[in-house]
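Trainee: Here are the chains, one letter per residue:
Protein chains: 2
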Amino acid sequence: MTDPRHSIRLDDFQQLIGTMYGSRDVARGVDGTFMWLMEEVGELAEALRKGTQQDRLEEFADVLAWLTTIANVVGIDLSEAIIRKYGSGCPGCGQLDCQCDQAEKP
Amino acid sequence: MTDPRHSIRLDDFQQLIGTMYGSRDVARGVDGTFMWLMEEVGELAEALRKGTQQDRLEEFADVLAWLTTIANVVGIDLSEAIIRKYGSGCPGCGQLDCQCDQAEKP
Chain S
1 MTDPRHSIRL
11 DDFQQLIGTM
21 YGSRDVARGV
31 DGTFMWLMEE
41 VGELAEALRK
51 GTQQDRLEEF
61 ADVLAWLTTI
71 ANVVGIDLSE
81 AIIRKYGSGC
91 PGCGQLDCQC
101 DQAEKP
Chain Z
1 MTDPRHSIRL
11 DDFQQLIGTM
21 YGSRDVARGV
31 DGTFMWLMEE
41 VGELAEALRK
51 GTQQDRLEEF
61 ADVLAWLTTI
71 ANVVGIDLSE
81 AIIRKYGSGC
91 PGCGQLDCQC
101 DQAEKP
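Residue numbers (our numbering), protein chains in the order written: chain S, 1 to 106; chain Z, 1 to 106.
Hints in this document: simulated from the structure, not taken from any laboratory.
Predicted model, so just to flag it, every value in this text is computed and none were measured.
For each residue, glycine too, the CB sits at the ideal point set by N, CA and C.
Treat the hints loosely; a few may be bogus.
As the list claims (entries may be wrong) - Restraint-style ranges between C-beta atoms, simulated for each label pair:
1. G22/Z to Q54/S: 20 to 28 Å
2. G92/S to G94/Z: 17 to 25 Å
3. V30/S to Q95/Z: 20 to 28 Å
4. C93/Z to Q102/S: 23 to 31 Å
5. G42/S to S7/Z: 30 to 38 Å
6. G92/S to Q102/Z: 17 to 25 Å
7. Q54/S to Q102/Z: 26 to 34 Å
8. G42/S to G29/Z: 13 to 21 Å
9. G42/Z to C93/S: 21 to 29 Å
10. D101/S to G94/Z: 42 to 50 Å
11. V74/Z to S23/S: 29 to 37 Å
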């Protein structure tokens, strides 16, 4: 059973990021915010290559936070995005256990 | 009030991705999966530059899905990652409305 202390709603997190950083994010704009996302993706790559699980926890959080930030800047609801694409199983084959050709994107 | 149809738990989404694609993701490994993430990040950049909101919804979903996929491959719980870093307000200043110097990472 999921530990309720480790269960968060994506919309709550998106709202939290907006509350904490929203005004500066909008002022910075999409391109500048995307640069931050790329910086964190690079740090994630490093953590995956040579980091500890602790490092990885931090970098996954950072990438998700900056992705969420960009979503806020352009007015995208991440929960809506996820549900539209994955709300009915695999977007490619409609199965819960994907049966798509592995060379193609699911 | 959040529409309950558009409210998902991050751990549920991570579990869904694991159920749909888990075996092939583990077989592909971290590096190959990271390549997919980068492909989607590029598509997100394009959608941000010239896409419609519909395009952006799709690409945000894809980036989040592949980020979640890598987390599954390396055994990282995204909810735990987020709560550890952001569970007490801004990691830099501890405030809900961040007061950090804007040149520094929050």
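Trainee: Each of the hints needs a verdict: does it hold here or not?
Mentor: Going down the list of hints, with the structure as the test:
Evaluation of the 20 to 28 Å hint for G22/Z and Q54/S yields a pass: the beta carbon distance comes to about 24 Å. Remark: the range hint 17 to 25 Å for G92/S to G94/Z is contradicted by a beta-carbon distance near 44 Å. Restraint check, V30/S to Q95/Z: a C-beta distance of roughly 25 Å satisfies the suggested window 20 to 28 Å. One distance hint, 23 to 31 Å for the beta-carbon pair C93/Z and Q102/S, is violated here, with the actual separation near 46 Å.
In this structure, G42/S and S7/Z meet the distance hint of 30 to 38 Å, their C-beta atoms being roughly 32 Å apart. The hinted range of 17 to 25 Å is not satisfied by G92/S and Q102/Z, whose Cβ atoms lie roughly 42 Å apart. Between Q54/S and Q102/Z, the C-beta spacing of about 27 Å keeps the proposed range 26 to 34 Å intact. With their beta carbons about 19 Å apart, G42/S and G29/Z fall inside the hinted range of 13 to 21 Å.
At roughly 24 Å, the beta-carbon separation of G42/Z and C93/S lies within the given 21 to 29 Å, and the hint holds. For D101/S and G94/Z, the hinted distance range of 42 to 50 Å is satisfied, since their beta carbons lie about 49 Å from each other. The supplied range of 29 to 37 Å is met by V74/Z and S23/S, whose beta-carbon atoms lie about 34 Å from each other.
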